[in-house]
Amino acid sequence: MTGSVPLHLSTTCLKPIIEMKQFISTADVPSVPRLVDIALNYKKDPFRDKELGKNKTVGMIFLNPSLRTRLSTQVAAKNLGMEAIVFNIDKEGWALEMNDGAIMNGNTTEHVKEAAAVMGQYFDILAIRTFPGLKNKEEDYTEKYINQFIKYAGVPVVSLESATLHPLQSLTDVITIKENWPHARKPKVVLTWAPHVKALPQAVPNSFAQWMNAWGETDFVITHPEGYELDEKFSGNAHIEYDQDKALQDADFVYVKNWSSYKDYGKITCTDPSWMFTNEKLALTNSAKVMHCLPVRRNVVIADEVLDGPNAIVIPEAGNRVWAAQAVLSEILKG
Amino acid sequence: MTGSVPLHLSTTCLKPIIEMKQFISTADVPSVPRLVDIALNYKKDPFRDKELGKNKTVGMIFLNPSLRTRLSTQVAAKNLGMEAIVFNIDKEGWALEMNDGAIMNGNTTEHVKEAAAVMGQYFDILAIRTFPGLKNKEEDYTEKYINQFIKYAGVPVVSLESATLHPLQSLTDVITIKENWPHARKPKVVLTWAPHVKALPQAVPNSFAQWMNAWGETDFVITHPEGYELDEKFSGNAHIEYDQDKALQDADFVYVKNWSSYKDYGKITCTDPSWMFTNEKLALTNSAKVMHCLPVRRNVVIADEVLDGPNAIVIPEAGNRVWAAQAVLSEILKG
Amino acid sequence: MTGSVPLHLSTTCLKPIIEMKQFISTADVPSVPRLVDIALNYKKDPFRDKELGKNKTVGMIFLNPSLRTRLSTQVAAKNLGMEAIVFNIDKEGWALEMNDGAIMNGNTTEHVKEAAAVMGQYFDILAIRTFPGLKNKEEDYTEKYINQFIKYAGVPVVSLESATLHPLQSLTDVITIKENWPHARKPKVVLTWAPHVKALPQAVPNSFAQWMNAWGETDFVITHPEGYELDEKFSGNAHIEYDQDKALQDADFVYVKNWSSYKDYGKITCTDPSWMFTNEKLALTNSAKVMHCLPVRRNVVIADEVLDGPNAIVIPEAGNRVWAAQAVLSEILKG
Numbered sequence: 001m002t003g004s005v006p007l008h009l010s011t012t013c014l015k016p017i018i019e020m021k022q023f024i025s026t027a028d029v030p031s032v033p034r035l036v037d038i039a040l041n042y043k044k045d046p047f048r049d050k051e052l053g054k055n056k057t058v059g060m061i062f063l064n065p066s067l068r069t070r071l072s073t074q075v076a077a078k079n080l081g082m083e084a085i086v087f088n089i090d091k092e093g094w095a096l097e098m099n100d101g102a103i104m105n106g107n108t109t110e111h112v113k114e115a116a117a118v119m120g121q122y123f124d125i126l127a128i129r130t131f132p133g134l135k136n137k138e139e140d141y142t143e144k145y146i147n148q149f150i151k152y153a154g155v156p157v158v159s160l161e162s163a164t165l166h167p168l169q170s171l172t173d174v175i176t177i178k179e180n181w182p183h184a185r186k187p188k189v190v191l192t193w194a195p196h197v198k199a200l201p202q203a204v205p206n207s208f209a210q211w212m213n214a215w216g217e218t219d220f221v222i223t224h225p226e227g228y229e230l231d232e233k234f235s236g237n238a239h240i241e242y243d244q245d246k247a248l249q250d251a252d253f254v255y256v257k258n259w260s261s262y263k264d265y266g267k268i269t270c271t272d273p274s275w276m277f278t279n280e281k282l283a284l285t286n287s288a289k290v291m292h293c294l295p296v297r298r299n300v301v302i303a304d305e306v307l308d309g310p311n312a313i314v315i316p317e318a319g320n321r322v323w324a325a326q327a328v329l330s331e332i333l334k335g
Numbered sequence: 001m002t003g004s005v006p007l008h009l010s011t012t013c014l015k016p017i018i019e020m021k022q023f024i025s026t027a028d029v030p031s032v033p034r035l036v037d038i039a040l041n042y043k044k045d046p047f048r049d050k051e052l053g054k055n056k057t058v059g060m061i062f063l064n065p066s067l068r069t070r071l072s073t074q075v076a077a078k079n080l081g082m083e084a085i086v087f088n089i090d091k092e093g094w095a096l097e098m099n100d101g102a103i104m105n106g107n108t109t110e111h112v113k114e115a116a117a118v119m120g121q122y123f124d125i126l127a128i129r130t131f132p133g134l135k136n137k138e139e140d141y142t143e144k145y146i147n148q149f150i151k152y153a154g155v156p157v158v159s160l161e162s163a164t165l166h167p168l169q170s171l172t173d174v175i176t177i178k179e180n181w182p183h184a185r186k187p188k189v190v191l192t193w194a195p196h197v198k199a200l201p202q203a204v205p206n207s208f209a210q211w212m213n214a215w216g217e218t219d220f221v222i223t224h225p226e227g228y229e230l231d232e233k234f235s236g237n238a239h240i241e242y243d244q245d246k247a248l249q250d251a252d253f254v255y256v257k258n259w260s261s262y263k264d265y266g267k268i269t270c271t272d273p274s275w276m277f278t279n280e281k282l283a284l285t286n287s288a289k290v291m292h293c294l295p296v297r298r299n300v301v302i303a304d305e306v307l308d309g310p311n312a313i314v315i316p317e318a319g320n321r322v323w324a325a326q327a328v329l330s331e332i333l334k335g
Numbered sequence: 001m002t003g004s005v006p007l008h009l010s011t012t013c014l015k016p017i018i019e020m021k022q023f024i025s026t027a028d029v030p031s032v033p034r035l036v037d038i039a040l041n042y043k044k045d046p047f048r049d050k051e052l053g054k055n056k057t058v059g060m061i062f063l064n065p066s067l068r069t070r071l072s073t074q075v076a077a078k079n080l081g082m083e084a085i086v087f088n089i090d091k092e093g094w095a096l097e098m099n100d101g102a103i104m105n106g107n108t109t110e111h112v113k114e115a116a117a118v119m120g121q122y123f124d125i126l127a128i129r130t131f132p133g134l135k136n137k138e139e140d141y142t143e144k145y146i147n148q149f150i151k152y153a154g155v156p157v158v159s160l161e162s163a164t165l166h167p168l169q170s171l172t173d174v175i176t177i178k179e180n181w182p183h184a185r186k187p188k189v190v191l192t193w194a195p196h197v198k199a200l201p202q203a204v205p206n207s208f209a210q211w212m213n214a215w216g217e218t219d220f221v222i223t224h225p226e227g228y229e230l231d232e233k234f235s236g237n238a239h240i241e242y243d244q245d246k247a248l249q250d251a252d253f254v255y256v257k258n259w260s261s262y263k264d265y266g267k268i269t270c271t272d273p274s275w276m277f278t279n280e281k282l283a284l285t286n287s288a289k290v291m292h293c294l295p296v297r298r299n300v301v302i303a304d305e306v307l308d309g310p311n312a313i314v315i316p317e318a319g320n321r322v323w324a325a326q327a328v329l330s331e332i333l334k335g
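Protein chains in written order, with this note's numbering: chain C, 1 to 335; chain A, 1 to 335; chain Z, 1 to 335.
I should point out that these hints are in silico values taken from the structure, not numbers from a laboratory. Careful, some of the hints might be misleading.
Unchecked claim - In silico SDA-like cross-links for lysine to any residue, where the CA-CA straight-line distance does not exceed 25 Å: (1) A:K186 / A:D250; (2) A:K263 / A:K151; (3) C:K144 / Z:E305; (4) A:K144 / C:N107; (5) Z:K198 / C:N107.
Quick caveat: nothing in here was measured; it's all calculated off a predicted structure.
Construct the complete structure from the given sequences, taking the supplied hints into account.
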């Protein structure tokens with residue numbers, strides 16, 4: 001793979017030419033293939049850099065719930081000898097004010113200017129999860145919340161999923177595709193929309209598209225009902241195909257995911273159950289590996305028969321979250 | 001004690017003949033006396049096996065609140081050099097789907113098939129607390145919830161209390177009786193029901209009975225109002241005596257505990273305050289040591305005069321939770 | 001500074017003549033200047049005593065929310081090689097009964113007699129946060145809650161803020177003043193009341209006054225509207241000046257803080273916005289450094305122009321919370 005590094009090299013020997021100073025999107029990553037190789041090296045030998053994080057602490061701040069991201073990042077930090085301190089600020093703390101100049105006589109108790117700066121005093125890295133409101137497209141797509149943290153923290157910030165992107169998930173997905181593709185030709189990867197009962201963020205599909213484009217090692221197709229087009233800033237030159245069956249033809253990997261509309265912002269404009277991913281859909285592919293970021297609503301997004309069948313790789317995919325987080329933390333520590 | 005091991009032997013030297021692969025009930029324990037000895041060795045020297053848990057992590061998943069179980073298991077893990085990661089999935093995560101084949105268009109966000117399998121990717125041991133609903137006897141007594149975790153986790157599962165059993169508490173209770181009984185003859189141990197304002201699970205009394213029977217080193221009597229008979233699967237050959245005063249006669253240990261009816265499932269069918277354990281009741285015994293798993297409602301279950309008096313051993317009993325958890329984690333790590 | 005210790009001495013060499021057995025108020029501190037020096041030594045070299053806390057655990061019990069206190073104490077414990085276990089008993093556990101002799105047939109699940117004693121079995125140090133109810137002055141000012149923990153824990157107790165005092169904050173404040181005052185003369189320190197939308201405890205101003213008095217290295221003035229006098233037990237001989245402008249004259253440090261009335265207990269008797277701290281007020285001072293314990297309601301308590309200006313030291317002040325906590329934990333560990 002172009003730009004990658006032989007797997008037998010110790011990651012500690014790999015001095016970054018351009019340092020990774022934060023981890024919010026692909027724009028922060030000097031080389032996607034290199035970061036993937038670092039992650040795969042950790043998968044082979046999780047404790048190789050146990051001294052790297054000595055006396056270092058990552059604060060993990062959650063404004064929204066998390067299972068995989070929280071647990072995998074905690075494990076990754078421990079593998080590096082770092083402390084990880086989890087703080088569910090929404091439940092254990094209080095409401096933060098995000099607006100500059102606010103007269104704080106309402107429900108918010110602390111301004112992000114103080115909260116972020118104080119946490120920057122305590123931690124070497126600040127990792128944060130903050131979801132979109134899905135009501136104000138501009139507020140969400142300017143990444144107002146995480147940008148306030150970046151502005152005031154004074155230490156490197158790692159996204160644990162922000163309003164529009166989920167880079168630790170997408171790095172994991174690249175890792176998972178790479179280790180499941182031993183062939184010389186580029187795999188065909190299809191991102192397909194699927195139904196859901198709730199209006200979900202576009203963060204995972206935006207991010208997956210951004211990373212597929214940045215990686216450049218796949219033939220990338222996106223399929224969804226009309227009206228579900230992603231922000232072109234992220235989908236880029238991906239081929240968009242409204243006919244799901246046509247899109248799935250000869251796919252080597254299918255990434256299934258629901259999202260709410262970007263155009264009709266935050267709305268559910270399609271509930272057509274025929275978009276659910278089933279064995280019938282799988283039969284159209286090149287016996288594709290089936291991926292999903294989880295949690296997945298069974299028999300709404302993906303049918304049991306697929307998730308319980310031999311093509312689903314959602315569990316090892318989730319397992320790879322550890323190596324993605326470990327690669328990111330280690331690169332920032334080395335920076 | 002038959003089957004026990006000299007206390008001066010290092011526990012690390014004690015290679016289990018039959019490995020302990022999980023810890024859900026006495027059926028998982030090759031030798032109760034041996035496990036008790038391992039625990040008492042840790043009590044003497046908590047850090048003797050500090051290297052055993054190096055680079056190992058136990059995930060502690062709570063679907064219900066906990067004080068002693070959570071804190072003592074965290075301390076036990078640290079004593080072994082392990083990381084313990086706590087996750088209150090009910091508060092920090094989301095509702096899990098437990099039913100196979102469910103169409104997940106309701107309130108559950110993730111199926112246990114994924115949740116358990118993913119956590120099995122992150123942890124070396126998965127410890128979990130899940131209470132009964134007390135509405136559907138069959139669902140509770142087939143241990144549907146914890147069995148789903150065991151089925152899908154792919155790593156050893158430790159019960160932090162399940163629908164019908166609380167084995168870490170019961171192992172603690174055996175340890176506590178053993179260290180408080182220096183005599184040659186078998187002690188008389190009485191498990192007595194007491195009143196409570198809420199319908200509580202049968203897990204603690206079921207489990208206590210199961211462990212007393214498996215240990216076999218006591219004369220074991222159960223006393224409760226008619227209608228409060230425990231599942232015979234657990235009470236076994238214990239002598240059941242409906243007259244509390246008669247049961248308490250010559251008791252060396254009294255284990256006080258409320259539970260809701262098993263027969264009239266999950267119901268409170270007796271509120272008679274004369275079942276509360278008082279000094280008057282204590283006077284019937286052989287100056288018995290008084291035990292309770294805690295939390296205890298004072299002056300409802302046990303009178304202040306008993307809990308504040310010299311016969312109560314509930315605090316050191318709770319302290320022993322650390323050594324029970326440490327013995328269990330160490331045996332599974334060695335397995 | 002009188003009574004201080006040369007900064008080049010290792011803190012581990014400083015054997016306390018009188019040991020610190022708990023940390024609730026200045027009464028527990030053998031020497032304030034010495035404790036400040038220990039903290040500043042840790043600021044220079046955070047990991048100098050990494051072995052001191054080996055195999056030791058501090059339990060951090062929260063009955064109320066916390067950001068700075070929780071995170072800084074966790075970091076301090078890690079710096080000393082200790083484990084810190086956080087337990088939000090209000091959210092993760094259950095309601096505690098604080099009244100002796102209570103018949104517990106209501107909403108409380110466990111008596112503090114058991115809860116404190118059990119936690120004392122698991123931890124080497126018990127740190128606890130418990131706020132006042134602001135309804136019953138006597139109950140709050142006898143420190144009923146934390147005193148019950150002290151009475152039953154059986155291990156040293158550290159206050160993470162109690163009903164009437166916040167000693168870790170005040171020690172931090174002394175440290176912050178000391179490191180920002182290189183001059184020979186005593187600085188003038190003014191504690192000024194400011195408006196707020198909620199009735200807040202008197203713990204921070206009480207405690208700040210107590211520590212200023214115990215330290216004795218400042219000219220200390222308190223200013224507030226009439227009716228907001230603090231308990232004289234804490235304000236002591238401080239000069240009280242009802243005219244804020246007059247009080248601020250020539251101030252070297254201004255500590256801004258709201259509190260509810262002590263006289264008309266727990267009530268808000270003044271909402272006058274002219275008490276908000278602004279650049280106009282700052283202009284009256286000797287270009288004073290501006291302090292606040294945080295969280296602060298911007299443009300209600302202190303104006304943006306001050307907090308965003310060069311005189312505010314609230315962020316490094318919050319950063320110093322780590323060294324205060326580390327000094328306290330280390331002294332108790334050495335005790």
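Hints, one by one, checked against the model:
1. A:K186 / A:D250: Satisfied, since the Cα-Cα distance of roughly 12 Å is no more than 25 Å.
2. A:K263 / A:K151: 29 Å, violated
3. C:K144 / Z:E305: Answer holds: K144 of chain C to E305 of chain Z is near 22 Å, not above 25 Å.
4. A:K144 / C:N107: 42 Å, violated
5. Z:K198 / C:N107: 10 Å, holds
Of the numbered hints stated above, those contradicted by the structure are hints 2 and 4, listed in ascending order.
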